[in-house]
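Take a look at the letters that make up each chain.
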Amino acid sequence: MLSRLVLRAAPAALRALPPPVAVGVLHTTRTLHTTQQSLAPVPPLPEKGGEVRHGLIPEEFFQFLYPKTGVTGPYMLGTGLLLYLLSKEIYVVNHETAAAACILTVIVYAIKKFGPDVAAFADKLNEEKMATALAMKNEAVQSLQTAIEDEKKEQWRAEGRSYLFDAKRNNVAMLLEANYRERLLMVYNEVKKRLDYQVAMQTLKRQKEQDHMIQWVERNVVQSITPQQQKESIAKCILDLKALSKSAHAAV
Amino acid sequence: MKLMDVKLGQLGSWLAMRDFTPGGILGAIRRGHSRYYNKYINVRKGGLGGLSMVLAGYIILSYMWSYSHIKHERRRKYH
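Keeping their order, the protein sequence lines are chains X and W.
Residue 158 in full-length UniProt numbering is what sits at position 158 of the first sequence, and the numbering runs on without skipping anything.
Residue 67 in full-length UniProt numbering is what sits at position 67 of the second sequence, and the numbering runs on without skipping anything.
It cannot be assumed that every hint is accurate.
[Stated by the list, open to error] So, partial list: chain X residues that the calculated Cβ filter (under 10 Å) puts toward chain W:
hint: 1; residue: E51
hint: 2; residue: P58
hint: 3; residue: A158
[Said to hold, decoys possible] No more than 20 Å apart at the CA atoms, straight line, and that leaves these computed lysine-lysine pairs for PhoX-like:
hint: 4; chain 1: X; residue 1: K48; chain 2: W; residue 2: K45
hint: 5; chain 1: X; residue 1: K112; chain 2: W; residue 2: K45
hint: 6; chain 1: W; residue 1: K7; chain 2: X; residue 2: K68
hint: 7; chain 1: W; residue 1: K77; chain 2: X; residue 2: K88
hint: 8; chain 1: X; residue 1: K124; chain 2: W; residue 2: K45
hint: 9; chain 1: X; residue 1: K48; chain 2: W; residue 2: K39
hint: 10; chain 1: X; residue 1: K137; chain 2: X; residue 2: K48
hint: 11; chain 1: X; residue 1: K129; chain 2: X; residue 2: K113
hint: 12; chain 1: X; residue 1: K246; chain 2: X; residue 2: K236
hint: 13; chain 1: W; residue 1: K71; chain 2: X; residue 2: K88
hint: 14; chain 1: W; residue 1: K2; chain 2: W; residue 2: K45
hint: 15; chain 1: X; residue 1: K231; chain 2: X; residue 2: K246
Simulated from the structure, these hints should not be mistaken for laboratory data.
Heads up, the beta-carbon is just placed ideally off N, CA and C, and yes, glycines get one too.
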């Protein structure tokens with residue numbers, strides 16, 4: 001119950017307290033992971049194994065005895081041990097010894113003769129394995145590299161979209177302008193047609209008035225000319241003409 | 001504490017420190033195996049010694065196990 005109280009008070013307390021005390025308040029019994037654990041990159045294999053002398057005894061033994069007994073110490077120890085085992089017959093010489101001697105001779109001869117070749121063969125196998133693994137890794141790295149470059153190229157291409165939008169905007173603006181001007185022209189034409197109509201109407205009206213007036217005047221004048229007046233005017237005209245002809249003859 | 005750093009007089013106390021539970025013995029076997037393996041076998045150019053030491057150890061062990069039987073093939077009775 002008390003722990004529940006503490007847990008409820010914990011968040012508020014955590015904000016106020018410095019971290020080390022907060023860890024204690026959290027009621028954890030195991031230490032939190034604070035180091036950065038990682039298994040990669042794995043360290044490479046050592047080049048050669050531990051040194052072994054005569055194929056049987058590790059080099060550390062010789063180094064261990066060197067300060068006290070020098071170089072021949074371990075060999076002396078080995079000889080003494082062998083003689084002790086033989087003389088006390090702790091190692092019994094029987095048929096198995098003969099068999100072991102023959103087998104060991106053959107084995108040692110075979111190793112001395114074919115050892116380096118087998119080692120070279122095994123090394124070649126290893127090399128091939130490593131080469132394929134390395135080739136895979138390089139291929140993967142290369143493909144990722146090209147993918148990165150392609151991505152960068154795409155990004156560069158995407159930068160050009162501002163130009164694309166500018167061109168499109170220009171197109172749209174031009175269309176709008178053309179449309180506007182077209183409509184302006186249409187409005188002008190329509191208005192002109194209406195005005196021309198009005199003007200034509202007025203001229204027609206005036207013309208008709210003029211014609212009508214002229215005709216009316218002529219009609220009235222013709223009506224007013226009585227036959228008497230007509231004879232008088234004709235005689236006058238003849239007299240005038242005669243006078244004119246005389247003056248013309250005189251001029252010539 | 002490594003065995004090589006223990007003085008002769010402290011051998012008893014050092015032995016008491018080791019844990020001889022089955023889990024502990026298994027862990028010791030695992031550790032010894034991994035030490036030998038990583039030193040002599042898990043290398044780029046492994047040599048003959050890594051395998052031959054194991055075989056020599058097996059030969060000696062099997063000789064020790066059959067010693068009571070081989071004792072009877074001695075050539076002399078008194079040494």
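Do the hints match the structure? See the list:
1. E51: This hint holds: E51/X lies near chain W, its Cβ roughly 8 Å from the closest one there, short of 10 Å.
2. P58: holds, 7 Å
3. A158: Nearest chain W Cβ about 49 Å off; hint violated.
4. K48/X to K45/W: Holds. K48/X to K45/W sits at ~5 Å (cutoff 20 Å).
5. K112/X to K45/W: holds, 17 Å
6. K7/W to K68/X: holds, 18 Å
7. K77/W to K88/X: holds, 10 Å
8. K124/X to K45/W: holds, 11 Å
9. K48/X to K39/W: holds, 9 Å
10. K137/X to K48/X: violated, 25 Å
11. K129/X to K113/X: violated, 27 Å
12. K246/X to K236/X: This hinted pair holds, its Cα atoms lying about 16 Å apart.
13. K71/W to K88/X: Judged against 20 Å, a Cα distance of about 11 Å means the pair holds.
14. K2/W to K45/W: violated, 29 Å
15. K231/X to K246/X: Not satisfied, since the Cα-Cα distance of roughly 23 Å exceeds 20 Å.
Violated hints, in rising order: 3, 10, 11, 14 and 15; the structure is consistent with all others.
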